[in-house]
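Those sequence lines, one after another, are chains A and B. Position one of the first sequence corresponds to residue 1 (this note's numbering), numbered consecutively onward. Position one of the second sequence corresponds to residue 1 (this note's numbering), numbered consecutively onward.
Hint data in this document are derived by calculation from the structure and do not stem from the laboratory. A couple of the hints might just be wrong.
What the hints assert, rightly or not - In silico DSSO-like pairs for lysine-lysine, Cα to Cα no more than 27 Å straight-line: (1) B:K201 x B:K144; (2) B:K83 x A:K169; (3) B:K193 x A:K169; (4) B:K204 x B:K229; (5) A:K87 x A:K49; (6) B:K229 x B:K2; (7) A:K169 x B:K144; (8) A:K87 x A:K50; (9) A:K63 x A:K87.
Model, not experiment: these values are computed from the prediction.
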Amino acid sequence: MIDFLTETLRSRASTRGWTWFRRACRTTAPVDLNRLLGNYAGASFWLGKKALALDSRETRRWKSLRPDLPVDHWGLDELARAILLLKIAYLPPGEYVETVLECYQQGDSREQQSWLRGLNLLPGRGRFLDAAIDACRTNIVPLLEAIACENPYPAAHFPELNFNQMVLKSLFNAISMERILGLESRFNPELSRMADDYASEREAAGRDVPPDIWWVVAPRISRERIGRIYSYLQRGNSRHRYWASRSLGYVRDERSRLELERRRDIETDDRVLAAIDASLAKMVQ
Amino acid sequence: MKIFDPHIHMTSRTTDDYASMAQNGILAIVEPSFWLGQPRTNVGSFIDYFNSLLGWERFRASQFGIRHFCTIGLNPKEANNPKLSEEVISLLPRYLQKDGVVAVGEIGYDDQTDAEERIFARQLELAMEMDLPVLVHTPHRDKKRGTIRSLDLIRSVGFPEERALIDHNTEETLPLVLDTGCWAGHTIYPHTKMDEVRMVKLVKEYGSERILINSAADWGISDPLKVPKTTDLMLESGITLQTIRTIVWDNPAHFFSQSRRLDLAGIDTRPSIDQTEFYGGSTVLRGGQTPVVES
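This is chain A alone, in the form it adopts within the complex (with noise of 0.2 Å):
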């Protein structure tokens, strides 16, 4: 595998930013934890942000190897600082998960959105849950997202608790619930309650809800809640219908088969219609 993003890097990287590398390679053994912070620091320097966009023969590899794990997005600095980190698992467990955890605890907000992914890439990854469960506590928006979003590591890892807080941060910061991964596989009741109590507490206050909340609402919903997904059928907004829609897919029972068939029939937008069909098609599976 790290031949594989070694040869991603170099023919991406410039003359220059590939020759820094290499000279930044041979400071990991033996580690200089200054120098190695100062590498980790100058990726974005010497080797730019440019996102990797795999080519199609090059995704069909990292498929193989990483079927889990989007790296379409990681900036050529990020894929580096990655390298780096792998390539300091020689050392002493103890001493690896210390010299990790200070990268990510030194370094600028950008240098802990590389390590929030690059996280995926480690041996004993699991160690390395508190600060990734810490990260979520961030204000900084693009911070939150590295950790919430095209990341599989919170389905993997994280506690239902600290999933369950970090998809109502993301709700509440306007992120795509489409993009917290293995999101479907972490559904649970608490999350359900908790998200639906956000969206009452949003129209106590009269506000708008985030629409894809239904979505995490759906799935586990206890019965006296459901009213409030039926009423976003009915909401001007196709956003809501469509999400409201789609989400009573999870929900196998009479009432919201019937629900979803009465606002097929005065439907007009496609997409709605489209998501209802599917909602129905998968009640009767």
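For this one, chain A is given, so just place chain B on it according to the hints.
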């Protein structure tokens, strides 16, 4: 109208803010300790921050005729860092006994983790030991449940409810707080939490007893004049002067006077400004500026 803003993070604000706050009737403020917008990496960073709340910031406020008090505590977000939280908790007794510290705060829940609960409970106990009120932050996410859990914890440790101010309330949490003996704060923000119009509605429905409003202005999008702006709207909306006065002056003054470090008679008038003063060799003035000196 005399105004007391019981929750504002002045270290993030400018001297222009102080000047316009004074101009709009703000006579006294409480600055709760909180986080920096990003995590601190060592305990020394807390020491310097607490010292600046008690020192330079209080002096800066005084240079604009505003009385500055603060609350000291470990905020819920940073309660999740086990090493740091232990170190900060052990610092607290030293700071809680200083002049001008009128409560333990902001404490409470953020993600509602076990670590947060443990640190919250310990700080409630510390407040009882130090005979201080508490300022309780309620979480942004899962707010209603977080508020219920905060009220439950206060009850279960036996903390006197009349000495707890539960902050950042909404339409859904205010009645829960008023059902207890706790006080209820409302943060008037440009986009989130609560706005002026909604606040007017709440006051019309619930009155003024144990109700406070604040700006919680900080380094994020916020407005240090939200309390006077809400006061104006309450007046325009036909809420009586007495009700407004209770909310923006009497309630915060009475609540924090429970610390016995805030003298009700003493804060009633604007302190006179003397900008020729220095704090540790520093002044708010820059070269060529004429100091304001009131007799």
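Comparing the hints with the structure gives:
no.	hint	in the structure
1	B:K201 x B:K144	holds (19 Å)
2	B:K83 x A:K169	holds (25 Å)
3	B:K193 x A:K169	holds (14 Å)
4	B:K204 x B:K229	holds (17 Å)
5	A:K87 x A:K49	holds (21 Å)
6	B:K229 x B:K2	holds (13 Å)
7	A:K169 x B:K144	holds (15 Å)
8	A:K87 x A:K50	holds (22 Å)
9	A:K63 x A:K87	holds (22 Å)
The structure is consistent with each of the numbered hints, conforming to all of them.
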